[in-house]
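Asks: For this one, chain R is given, so just place chain U on it according to the hints.
If you're matching them up, the sequences are chains R and U in order.
Quick note: the first sequence uses our numbering, first residue 1, plus one each step.
Quick note: the second sequence uses our numbering, first residue 1, plus one each step.
For identical chains, the list gives no copy identity; a pair is met inside one copy or between any two copies.
No more than 20 Å apart at the CA atoms, straight line, and that leaves these computed lysine to aspartate or glutamate pairs for EDC-like:
no., residue 1, residue 2
1, K217, D199
2, K217, D190
3, K217, E151
4, K217, D149
5, K217, D236
6, K217, D238
7, K55, E20
8, K55, E13
9, K217, E197
10, K55, E12
I should point out that these hints are in silico values taken from the structure, not numbers from a laboratory.
Bear in mind the structure is a predicted one, so any value in this text is a computation, not a measurement.
There are 2 protein chains.
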Amino acid sequence: MDGTGLARRVVEETAHRAAEITRRTGVRPCLATVLVGEDPASVTYVRMKRARCAKAGIESRQISLPATTTTAELTETLRSLSLDAGVHGILLQHPAGPHIDERAAFEAIAPEKDVDGVTISSFGAMSFGLPGFTSCTPGGIMRLLDEYDVELAGRHAVVVGRSAILGKPAGMLLLARDATVTYCHSRTRDLSAIVREADVVVAAVGRPRLINGEDIKPGAVVIDAGYNPGNVGDVDFDTARTRARLITPVPGGVGPMTIAVLLAQTVDAASRQLGTAGENTG
Amino acid sequence: MDGTGLARRVVEETAHRAAEITRRTGVRPCLATVLVGEDPASVTYVRMKRARCAKAGIESRQISLPATTTTAELTETLRSLSLDAGVHGILLQHPAGPHIDERAAFEAIAPEKDVDGVTISSFGAMSFGLPGFTSCTPGGIMRLLDEYDVELAGRHAVVVGRSAILGKPAGMLLLARDATVTYCHSRTRDLSAIVREADVVVAAVGRPRLINGEDIKPGAVVIDAGYNPGNVGDVDFDTARTRARLITPVPGGVGPMTIAVLLAQTVDAASRQLGTAGENTG
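Just chain R, with the same shape it has in the complex:
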């Protein structure tokens, strides 16, 4: 499954919508990116996201906070961005640091600006089929599945991983689409036996080649959201590809979709906040 190609098309459409909003209102959609500390991977991710914003005609505003920032200071920053009419979307780069109560920080983001889909309100929307933003990676996975017309109703989807921004919401989105959903994780016994029953496998745990290729049911669809050093996913790709009907590569599968959804949701947020919704969004 070609995440790079689909992401490019999503970003192109997003750029078109951003330009239309700017033309009508004179305002460019704006994403605030908040970074705590100087973790090199996080710095790189934020730089990449901002570069993609710029290419799509989305303004970004970088807020860099020192590693010594407290939870109270961080939530204060996020609250003031939530109230700032010039900011349409807010991204707090994860991880914010071991001393930060990340959940408290996420909850300081106004739901209507939660374009990264990290608040409990967004999780509730994903879980109960309400309007709202999806977590970006799960949202990207759903767009990939739809792009390839993967039937979900009644199929058995196995989600390996249960993080708040990846595994849990991915399972809820699949359940909302009428899949039978199994959550597996580090405490699961006989992961192989469960994966062997899966019509759709979503690997979202961050452990290199945790999923054996031999366990993939012939004809299954495999989504590898793992990101491990050396461009290795959570799935043993070489073997899995010989059995799967569809599979995402690493890199070039889920990864590009994550940023594409972030940009698309930033433009959705701007459109709603600037009162152009219903004209530019689908």
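Replies: Relative to the frame of chain R, chain U by itself:
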């Protein structure tokens, strides 16, 4: 599994805590029960809940609204109860009626008074292991499992049903306790095959004897949260009991636990709001 007996002990302990709060503060814990229309089953449920409150030393305040009440009027009522310092817990009897946006109504309940565990905030707390109230029936199920020392970590729990106040939160609570969790529902193919793999079955769908007794794995634990006419559960009890290690009867299993958790959470809420927390709650 004896839900009636455990519920009685929970209510006794709750009554003791309620009396202690009243002794210290001069205030009785108070639950507001909101009923829209005159559906006979709902009227009966609310009356039963209020009678149990009275026996436990919990005040209850009944708000009966006509069937013609709009969503806006209902949310206004719930918002004003949320602000009323004399009310510690709020219950909106489900179903509120076909013309009501029940989700909007639930969200008008302040999270700290959501003793029925129906808000998105409470669902997030259950899903992410944060402090907060559980939905009453799933919370009652967890207390039953704990009472009987049912090991959950690494076990396969199959939840049949995915409603917002029963199936979904039950699965999230089981996942938070390290079970491998499968959600099944009306669109699931080959439910029998999945149930046969379950160490713990939670039936929460409201279809009489949907779960075949023969599908229960020998030694499994069966929780039947179904409530169907004629005191019939979602599980074929007579056959299932011959295979299960533990099973809840209908009635006398999950049912009594639901009200017990409602009362316990009302007293928790009162304790926090009246500033006696940390002394009376565990």
